[in-house]
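S.K.: This is what each chain is made of:
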Amino acid sequence: MTNQISYEWQSGDMAAFEALFQQYKRLVFKNAYLITGAKEDAEDVLQEVFVSVWGSRRTFNPNKGNLTTWLHRITVNKCVERRRKKSLTMVSLEGVDLSETKSADDVLITRQEYERLIEAMNSLDTKHRVVLVLRYFNDLSYEEIAQAVGVPLGTVKSRINHGLKLLRGQLDAQQREALG
Amino acid sequence: MKCEDVNKLLADYLDGEATSEERVQIEAHLQTCGKCRKDMRLLASIQNGLRQALGARAARVEPSPQVWERVRQRIESKNPFWEKVGTMVNRPLWRVAIPIVTILIVVGALWGSGVLPGSTTPVPVEPGSIPPLPFELSAVPVEAHYLPGEPVEVKYLLTNVSSEVITLDPYPAEIQVRPGLDYDRVLLSVAGGTQTLEINPGDTVTQEFTWDQKDVTGKQVLPGWYSISFRDISVRQGDTRIGFNPGTRVLIQYPQGAMEKSFDLNQSQTANGITVTLERIELMADSSRFYFFFIPPGYTAPPTGLGPSISVMARAEYSVGGITKSAGTAGFNTEDNGIRLVWKVGPGKLDPVPSDATEITFTITQINEWQGPWEFGIPLE
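One line per chain: the protein sequences are W and X, in this order.
Per this note's numbering, the first sequence runs over residues 1 to 180.
Per this note's numbering, the second sequence runs over residues 181 to 561.
Extracted from the complex, chain X is given alone in its bound form:
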């Protein structure tokens, strides 16, 4: 891969959106190219700064309490007569008071207009300047929690919302199950088909999958987050072809429950001359979070804000009850006197910790070019 190719994929890579093959190629290139490493750090610092700036900005504003009243008035002024009656029919008093004949008329009107279940209405596309896709695709559930052994039912639905036929290829799609933050490890793969399916306007195609929570060897997987994805679905209309990998995130819960506690700590470890301090851990029902602080050699706070030097790529893993898992890469913040690292922010979450756990070991394996390990044993009493 050349610098130009890597440069185009750096945002995907940092956002966890690059394919396994791309990740391998990018990482191989970064090992040997200082310029691309520098570009990556700068890009990471912009992404991180943007997350914080947008969050801080949004935290400052709230909608005024009068907005609902304005919405209600606009709706009331727009509603045709039968819709107002339809609204009233949902209130118990009116259900009794309105003569049955009137209700039948209203029900007839609602049926014809697609309000009631069983009636069909093509899905109109919200007007706007962004060109709509000819289809709607969703994977459900987006995120859900299960107990061990409980069947995990997922599916994707693809509806043709255009006025022309679209072609789906292949059908059914290959399905892959992976650990939440270990994108390269496929625990189970179910082969797809080779069929090509034509979908008429208004029609919906579904592919369902029930995962028995077992890996390819037939063993029940451990509690934690998993991603289930339908691979390389391709939709074609005319000369345009669009590829998707719709997926869902599921949490297999600990049967004994998760520990919900926070600990303020002040543990330091030194490796390769770099001292890293574990400040705090937060254990929650559906995830856990770890906060660290360190001062890189020669660190001074960037004098003019975001500069090319403030970027951190830190990787870690953690162990509970003898099971080691990847923690992925950290989010970071620059401060006047050093850098704070946080595992894990973003859509991917660290697994929760079981309620009967007695210790966690969290190991930072790498911070930029500095190799660890910085290993922290954290008693949970």
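Extracted from the complex, chain W is given alone in its bound form:
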């Protein structure tokens, strides 16, 4: 059985903590970016998450919980705090060129579909964005999402269901607009 993570950072070893940061920074940053919708906010959240991880490192017990779930939970909380302080940021599509992002695993939706979905996502509130990002970007199961977000399983189900319906409503509205 594989056990790939060293927990020396928990006893205050800064080099081990930097290794942990390097290993998980992209995961935290990309989730924060998708939830907050802005690179600057995502960088701030990344900082806050790891300062918080360091501050509560002695409370994390690897035998009691999954490190990734714990990181997701802190990331979500930091994003929620941040979004509460600011009004919703509408996200520009700066620098996005889908033609450069196609790979065997990640193929082919049109730029128009992409823009419409991202725009629709941006219209959702944070609690719905969070569960959709955890499910459809991270591929977490509903139960893993419940643990990461700290809500009951039933709430995850209803938020995913409602979030998808809101997206559908937004897409329908966009389509009606486009058709004049």
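Keep in mind the hints are simulated off the structure, nothing from the lab.
Accuracy of the hints is not assured; some may be wrong.
Quick list of in silico lysine-lysine cross-link-like pairs, DSS-like style, CA-CA up to 30 Å [claimed, not checked]:
no., chain 1, residue 1, chain 2, residue 2
1, W, K64, X, K335
2, X, K188, W, K127
3, W, K39, W, K165
4, X, K218, X, K182
5, W, K165, X, K182
6, X, K215, X, K182
7, X, K218, W, K165
8, W, K165, X, K188
Since the structure of chain W is provided, determine the placement of chain X on it from the hints.
M.R.: Relative to the frame of chain W, chain X by itself:
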């Protein structure tokens, strides 16, 4: 089941999160209800589009290299004196240089504050606006690999992180072992108990299970992915009751190893007037993946992006060495001239293929309302 009930469960169904009973009822309803079938296709297209849009968006950004330095500075400025010393103690030079008396003081401070093993500190909940659960629940390992015959040890841990007693019911929970993508087939079931357990604040309850890799008849199971779940655990605090089925995914590996190769192919099969082309297969140490392309009758690329017609529900199975397994449902992408199907994306993986396999047969049994089979024999030389 009525349309309204089905509608509430469609996302669960498509995400593989519906119970067996719900799946049967939903599928029975879908057979007779065109409106719900249409709703399901639209929902599937939104889920699929969302996966791609989020993935493409995240692929465009990287954190700046300066973030670590900022984190380090904030930590250093916040650290109280004894924590800085604690950090230094971990470096070999300081271990030698610091007088023993100082180390003893630091060790005393660390023990009292819960840094060292054996000390106990209640687990604080990360502050935030989302109301925390009164407990933490995890199943370990989340995912692990074993050789045939090796004992598979799994457990769940439930810790009361609230300030009030919580009640766990039943204890121990029933345990079920199922094939990775064949959710309805229970290979082994171990009955649970009927005990109700009260858990005090800060206490942890564990249930362990060692699977000998045998099914209910006592036969060693074949290599592949399996899910082991603790069933219908219920936690109650006051008037609130929350149910969970914590589970783990384990891969029983081939003793001879897995084949790790990719093949670009161009095989086509036609059934019911629909031609499907197998383009590529990727065989990996822990899974395998199959890419297909087809053009539905009258297909035109959706002119205004996601529309109600672009949804695909395709099912398949595959055989290696005479053993047939379910491949579940495909992920799909719409393109200008047709639709690409991919088995398998998402948390469930297809099994790897043994290194000495000579052929795989992959059979698509159904694409939307069109029945197959589209059968592909793939030589592995």
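S.K.: Work down the list of hints and note, for each, if the structure agrees.
M.R.: Right, here's what the structure says about each hint:
no., hint, in the structure
1, K64/W / K335/X, "holds (10 Å)"
2, K188/X / K127/W, "holds (19 Å)"
3, K39/W / K165/W, "holds (27 Å)"
4, K218/X / K182/X, "holds (15 Å)"
5, K165/W / K182/X, "holds (18 Å)"
6, K215/X / K182/X, "holds (12 Å)"
7, K218/X / K165/W, "holds (14 Å)"
8, K165/W / K188/X, "holds (10 Å)"
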